[in-house]
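Trainee: Residue strings, one per chain:
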Amino acid sequence: MIPAAFEYFTPSTLSEAIALLEEHGDEAKILSGGHSLIPMMRYRLASPEKIVDINGIPDLEYIKEEDGYLKIGGLTREVALEDTPMIREKYPLLYDTAVMIADPQVRNLATIGGNIAHGDAANDHPATMLALGAEVVATGPNGERVIPIDDFFLGLYYTALEPTEIITEIRIPVADGNSSGTYKKMERKVGDYATAAVAVQVTMNGSGPAKVGIGLTNVGPTPIRAKRSEELLVGQPITDELIKEAGKLASEDCAPTADLRGSEEYKRSVVSVLTQRALKTAFERALSS
Amino acid sequence: MKCKTSAEVGGMGHSIKRKEDARFLQGKGQYTDDFKFPGMLHMKILRSPFAYAKILSIDSSAAMELEGVLAVVTGETLKEYNLHWMPTLMSDTQMVLPTDTVMYQAQEVAAVIATDPYIAADALELIEVEYDPMDPVINPHTALEPDKPILRPDKEGQTNNHIWHWETGDREATNKIFDEAEVVVKQDIYIPRIHVASIETCGCIANFDKINEHLTVHMTTQAPHAIRTVLALVAGHVGLSEEKIRVISPDIGGGFGGKVPVYPGYVIATAASVLIGKPVKWIEDRSENLQADSFARDYHMTGEIAATKDGKMKALRIKTLADHGYTDAAANPSKFPAGMFSVCTGSYEFENAFTEMDAVYTNKAPGGVAYRCSFRVTEAVHAIERMVDVLAQEVGMDPAELRLKNFIQPEQMPYKTPLGWEYDSGDYPMTFKKALDKIGYDELRKEQAEKRARGEFMGIGISTFTEIVGAGPSKDFDILGIKMFDSAEIRVHPTGKAIARFGTKSQGQGHETTYAQIIAEELGLPAAHIQVEEGDTDTAPYGLGTYASRSTPTAGAAAAMAARKLRDKARKIAAYLLEVSEEDLEWEPGKFFVKGAPEKSKTIQDIAFAAYTNHPQGMEAGFEATHYYDPPNLTFPYGAYICVVDIDKGTGEVKIRRFLAIDDCGNIINPMIVEGQVHGGLTMGLAPAMYEELIYDDEGNILTGTFMDYLVPTAVETPAWETDKTITPSPHHPIGAKGIGESATVGAPPAIANAVVDALAHLGVKHVDIPVTAPKVWQILKEKGVAEA
Amino acid sequence: MSKQTITVTVNGEAYTEEVEPRMLLVHFIREKLSLTGTHIGCDSTSCGACTILMDGKSIKSCTMFAVQANGKHFTTIEGVAQNGQYHPLQEGFKEEHGLQCGFCTPGMIMRAIELLDKNPNPTEEEIRWGISGNLCRCTGYVNIVKAVQYAAKKMAEAPKEKGALNEV
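For the protein sequence lines, the chains are G, U and P, in the order given.
1 is the number of the first residue of the first sequence in my numbering; add one for each residue after it.
1001 is the number of the first residue of the second sequence in my numbering; add one for each residue after it.
2001 is the number of the first residue of the third sequence in my numbering; add one for each residue after it.
If you are wondering where the hints come from, they were derived from the structure by calculation, not from laboratory data.
Take the hints with a grain of salt, since some may be wrong.
Pairs of lysine-lysine, DSSO-like flavour, derived with a Cα cap of 27 Å [unchecked claim]:
id	chain 1	residue 1	chain 2	residue 2
1	U	K1278	P	K2032
2	P	K2072	G	K50
3	P	K2057	G	K64
4	G	K71	P	K2057
5	G	K248	U	K1569
6	G	K189	P	K2032
7	U	K1438	P	K2146
8	U	K1186	U	K1572
9	U	K1278	G	K189
10	P	K2072	U	K1028
I would like the entire structure built from these sequences, with the hints used as guidance.
Mentor: Here's what the structure looks like:
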């Protein structure tokens, strides 16, 4: 499978890249990790005339805590989440998510910015970022703007990102000693998109959660926040019944469609089960940390 | 197994490391796509988006204008040379390129020949084809209904979509047993359409030399000689003559049956090379491979067993509907449209059996090839091994106990089955008991009972299968009339080193090592000194190729027989050199010595040298032998497999906790390689049992046409296989071997399916079709009210 | 579209070539550099047969354009043996019968090199997950796992043998 021809640009600064995007408009596509774009180009499902390769832009690959945020550069590779001890220790949800994305070679190149920018509800980071209450920093002709994650995913492959904007950073509120999380993904085999997956991040206050974030992967046109489940749990003592009810609400609030991965009914059930399992793990982790 | 030769000689039974590995480990394997020739052109194929459509027009003018495009080949182009249709190995016909109708999605429509594959890919986009889509026939169960279009009006006398009816056994006698039986069980069993998906796809480089009218084709084929003959037969009228055709099958990146057929791409590339006079390379993409190359299986079976109340089986009936796609492009021996399916009585004694089968056309990719199994044996084994469990459940017996009660006993061997096969050897109870002991069957049953009491789902599945391989005896077995012998030619050079050539073709089985070991065993020449070659029709003796686990049973036997011819000659030379009579000589691997005077001896190397330098007057010089081996019977490897699964009652996921495979393939040439074959075979048994399926929607769109959805298991899904063996030699095979490449693929799926059913049996579940996917299992759990919500 | 000039270092040798921007890295390596040990087994970034090392990291060379490779250092299977000596992984694959048809083998080995580089003493489960981006149809993975374990052991015994590759 061979992609159609294109013109290739390698801007060495962010402003240069944005200028190219402005100049070429719809004809241009951003190439970062390339692991969503290049397969689509090989099947000729996408045939952009211009490719703006942003990999040469410096200083967009980092993971650091700063100003109350965990900041992840837009070009940070998935593998960095696996390899950074601080992520594994303080943000197990991010670690659990990263290791379930595709396979090791893909994670060596694929970027977190790209995973989010693609706007694919089947990708894993979108739900994770919902659970974490992240913010997306997009840089465009008018400089930086910060988009709350709840405002970011607008539809199938459709995000709040302007065609002239590049995701330069993802910001996640710094986790404290009372918070933890996990990602439970059901997949047909390694490397598959999720049949359904559930991201959970909790912050404990005594025996009950002060904050709960739940994001659902690949059970709707966009990643879905299980809002009613979150609200149900906040401030309540954790009981099996409550967790079960949270799972049930999540299964009601998702919008899966039947495909090779299962029926709508099956996927709703998986969402319920995984939500419960993820909540249990997250609570256990948060309470033991 | 005790070795007769030293480790240095490396005859049978030694786990010597593979001779072929050095090149593969260093990236120096030579697969078809690795060859480049001066002036080589590249071919890409345009494929149909529709399952069934009239082609109204094909406009290739824009494509032809693209710089670098030399030709756009269509059905009309080929029709001028009467090459637009070709025969299949089952004497059906298949389009090379269509002139008026496309019959399945992804069928070849036109081909671009260009200087560069990138240009060829661009040119495909510029070909404009006008289609008139028609309602396709997708469901084989309704394919014969009168309102369905006749898909093959080109075939004389075709009044519906029926291809053939085939039956074996005694219908009346079998029915009588059923009529009088105390217990009858019946079960529909589907064994789905799958694809071998070798990691190397198919392809070729056709290179026609116009001046010498000589064609060389490098091709991903498991059967180079047969391909050469087919090319000569189908293209003789355009000037291809068999002595001027050379088919080279270089290193092959896995075959498994998928590289037996002749695909349209091979023929188009060859035709293009003949027309243009330059080498033309065609290497298919993975999606083309999955969507258009021959599928395997797709049998809709209904099995029935008649038995006594205490579980003694008496008769077996199986009725099958086979979906062949738009043409029967299976690769079975000619007399066996359903291959060796009639081995379906398995390892059990039946008074009688009857099986019948109907094949139909649908608008799907053609095929019916093997998927790492001897012709249709997996289907047969799946049916019987599932049915045995269905019966065990019905009569309330443990499936292990029921098997032990019904096995053919070792003293009954050779055993003639009611459907006409003669099993050569086997001790089924012994092998099965070894498996039961080794896995701790009784403890597992106890654990299962405890788990059930706690509401957990654990299952234990058994498969005690008999395979049928090594086709085959010439009285019954041929492909397009060519008898299914195979061959070996050994040339021992004056310095005692040898080259041996074969009619088979390794695709990973390690022939370069194992054939050398057979010769080492017979002649005492170190295996390290024997160079093995296959795959070049100009140099290798004629043979039918490697598939259906036939290499060891046929060419392996030929190797031993050719070596024995050499040993006979060696005896004469040794007698001459030692000045004794032949009767005074005794053989031990590697030398002849004088009885009673072992210090008087000649090594095989001495003798080889003498064959060129000091041979007896009147004897032909040289030290070479060829043998074409026509097996007296097939061989019947068998095994006892036990699988233990745990089921996640929330998601329906099945986890294989343990899988023990005990195989008996007779005498073993190289234990390391045999174990490797079993590992691989098990994984290709796991794959269709739990992951892989070619799925079409109602419009005939293929939904699993890439590796994104055609789910080849990775190392994570694949369990850590446990293996062991018993050894029951084949009495009729020269070295007592039986063949092992495919046993595990055949035996594993029912063990897995049986384990899943066993886990759910107390809920009244009797059967689950493979692949046993999580949604399927969850659906059952939900219906039974036990799914975790 | 106009071609671009790139310079890459492969197995220690620098190459400067003109390429179309859309040329996939795997085609560049196979066709332009005639290093055919890197194989193509799919079109969906699934099989891993095309795995090579880029600056020491394993990547699938079918999912990168050659132009992106400009200035980078690669190792392919042809560059793994050093001074006529097998890499411990090559040795492990041979000793443990970790290959059959050999088609997935180069990608498997390239992937396993990075796996052991990052995790010199992996568990069986870590090995299985570590090679989960590489499909093998022949071996059932059992002996590939053993081959990686063999190499891990060998490299632990003789750490100096490990170096060369990871420096590229």
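Trainee: Checked against the structure, which of the hints given earlier come out wrong?
Mentor: 5, 6, 8 and 9
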